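J.: Given chain H, work out where chain Z with the ligands should sit, using these hints.
Listed here are the chains, written in short residue letters.
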Amino acid sequence: MSRLTIQIPGLDLKNPIMPASGCFGFGREYAQLYDLSKLGAIMIKATTVETRAGNPTPRVAETAAGMLNAIGLQNPGIEKVMNEELKFLEDYDVPIIANVAGTETADYVEVARRISAAPNVKALELNISCPNVKCGGIQFGTDPATARELVKAVKAVSEVPVYVKLSPNVTNIVDIALAVEAGGADGITMINTLVGMRLDERTGKPVIANGTGGLSGPAVKPVAIRMVYEVYKAVNIPIIGMGGVTEAQDVIDFMSAGASAVAVGTANFVDHFVCPNIIEELPAKLDALGVEHITEIIGRSHR
Amino acid sequence: MIRQEKMTVVSQKQIATNIFELTLHGELVQEMTPGQFVHVKVSDSLEPLLRRPISIANIDKDNNEFTMIYRAEGRGTKVLATNREGQQVNVLGPIGNGFPVDAVQEGGTALLVGGGIGVPPLHELAKQLNARGVKTIHVLGFQTEDVCFYEDEFSALGETHYVTVDGSKGTKGFVTTVLESHAPAFDVFYSCGPLPMLRALEGFYPEKEGYLSFEERMGCGIGACFACVCKTTDQVEKDYVKVCSDGPVFPKGTVAL
Ligand SMILES: Cc1cc2nc3c(=O)[nH]c(=O)nc-3n(C[C@H](O)[C@H](O)[C@H](O)COP(=O)(O)OP(=O)(O)OC[C@H]3O[C@@H](n4cnc5c(N)ncnc54)[C@H](O)[C@@H]3O)c2cc1C
Ligand SMILES: Cc1cc2nc3c(=O)[nH]c(=O)nc-3n(C[C@H](O)[C@H](O)[C@H](O)COP(=O)(O)O)c2cc1C
Ligand code: FES
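Chains as they are written, first to last, in this note's numbering: chain H, 876 to 1178; chain Z, 85 to 341.
One thing to keep in mind: the hints can contain errors.
Claimed, not checked - Simulated coverage check for chain Z against chain H, where a stretch passes if three residues somewhere in it have a Cβ under 8 Å from a Cβ of chain H:
no., stretch
1, 85 to 95
2, 126 to 132
3, 297 to 307
4, 322 to 334
Derived by calculation from the structure, the hints in this document are not laboratory data. On a predicted model such as this, the values are computed, not experimentally measured, just so you know. Virtual Cβ for every residue (Gly too), placed ideally from N, Cα, C.
Chain H with its partners taken away, still in its complex shape (with noise of 0.2 Å):
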């Protein structure tokens, strides 16, 4: 298994998977079907300061070879996830990566300083990116200034160190990449959805109820790739990629554009094995890429 093992800012990972915010629920339920200690990380559902009850239903869609969900951050509230989903988490040996999000900047605040305190949280991931809540999120994410500004002030609070999750949605994604390295990001998680929006064939209107969606799946994983790929370039610190993985090849191909772990998100949904079954397949891609460790790929498509 060593070969698989990755350091980076406050995580000692096992190997580069984990599930991704919003797919995972807490680990309840996957801990159902097998062993949470296998994975790299775990990137809990976005927490906020309050309960929230999220967007009306139907809040999925299918789309071709993707989805779209407007979940709206539907989540058990800060005191809830502390006291209870963290505790039970603390039965597994697996590092817990707590998905920060709020309306404004003293809650984020406050989320992260209390979330960073949990024995099990070894980093914050700040989502400054969901595309489908009125306000907090994505606007955080779309201003290079505002960006810095936030974790500039969430890292002043934090424990542990602060990954920022990058929004596709866009014109230049390199500016809020470096816009947060400025701040003191210590890390970049990338991408969250693509706004998007499916529309009913009979009536013509939308489908989800909230109108438009996030888009993820392997549809989405071309255009994860290229964005990894230039923020890598442009910054010096680590970058998680995601979108879209189903299988080991997807995981190289993130580490290959630039990234040092991989996170699964849809897929979990799709084959509620799929984080397992990758840590399983990685070391024969390894070995058919005459690679002895999994951190001599990472950047590869630079060289």
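T.: What follows is chain Z with the ligands alone, placed relative to chain H:
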């Protein structure tokens, strides 16, 4: 416990217009109860991507076989309908909390009300209620005669009324039309079907114990993604329930209709 299994097709039959009966063989069957569902990956390719939730219509534990009945309408269910004997189907299940069979005492009577493609899970329920010595009355609503199915199966288990919107079979109208004219005596009702039907039924029997099975668009199917969440009524302490993991069956009065 929920597991993923490649189950083998025992048979695939068309039983009405666009309605198929698919029987699968595998170990998962041992864990199934009526009203639960399976989450089916209809193709190994990326198209269609998501799984499809389908109810369990018939459980045969002796032979490790179960049946689902589905309408081949959209992309996924059309692919499912191409499966032939001996082929393998990727099934995740059994999922959710089904109908409480023991809510009716032996010698009691249960009213089972189904609408369209909500009828299938009531079949296994009726079988298990009968096996416990409970009398079942079935009121089954469909659009037209050509999409009706399982008349012999339900009739063999108890009094069965068919209702069609266009009157081509049985009573013309909705399930409530039959309930109004026949006023059956019963102890507990169970229902699965379109929302307007569930709503009408809840209003029809405010004083009775009842269980309703819901449908909602799904992502994960196991409770992790919050796609299938429903608001609850004031009678319930929780703010919301998930159809996939808390349901699909809920006691009457749980979900805000
Ligand atoms: C708990 C549960 C049990 C069900 N049991 C049965 C059954 O026994 N027999 C049967 O025929 N149908 C059943 N359904 C409905 C069935 O899941 C949908 O008809 C089916 O998913 C449609 O897929 P498609 O490929 O034909 O349609 P498409 O329109 O191609 O599907 C596109 C997407 O929408 C979703 N979707 C479409 N219609 C529905 C719907 N009514 N409910 C939920 N998701 C939907 C699909 O799952 C898919 O993700 C059940 C649904 C639920 C939630
Ligand atoms: C149903 C669903 C819910 C999501 N919820 C969140 C969330 O709460 N926070 C977040 O940062 N990203 C969320 N995402 C985005 C994913 O973490 C991921 O960035 C995106 O789906 C791309 O990866 P994929 O193509 O592998 O799914 C969600 C995605 C989906 C499909
Ligand atoms: S479908 Fe994911 S929570 Fe129900």
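J.: Residue count check for the stretch 297 to 307 of chain Z against chain H: does it reach three with CB-CB under 8 Å?
T.: n = 8 at 8 Å, threshold three: holds.
J.: Count the residues of the stretch 126 to 132 of chain Z whose CB lies closer than 8 Å to any CB of chain H, then report whether that count reaches three.
T.: Since three or more residues must qualify, the claim that chain H covers the stretch 126 to 132 of chain Z holds, with 3 doing so at under 8 Å.
J.: State whether the coverage of the stretch 322 to 334 of chain Z by chain H holds or is violated, taking the criterion as 3 or more residues with Cβ-Cβ distances under 8 Å.
T.: holds (count 3)
J.: Is the listed coverage of the stretch 85 to 95 of chain Z by chain H valid when you require three or more residues with a beta carbon under 8 Å from a beta carbon of that chain?
T.: Per the Cβ count (4), the hint holds.
Going down the numbered hints, you'll see the structure goes against none, and every one checks out.
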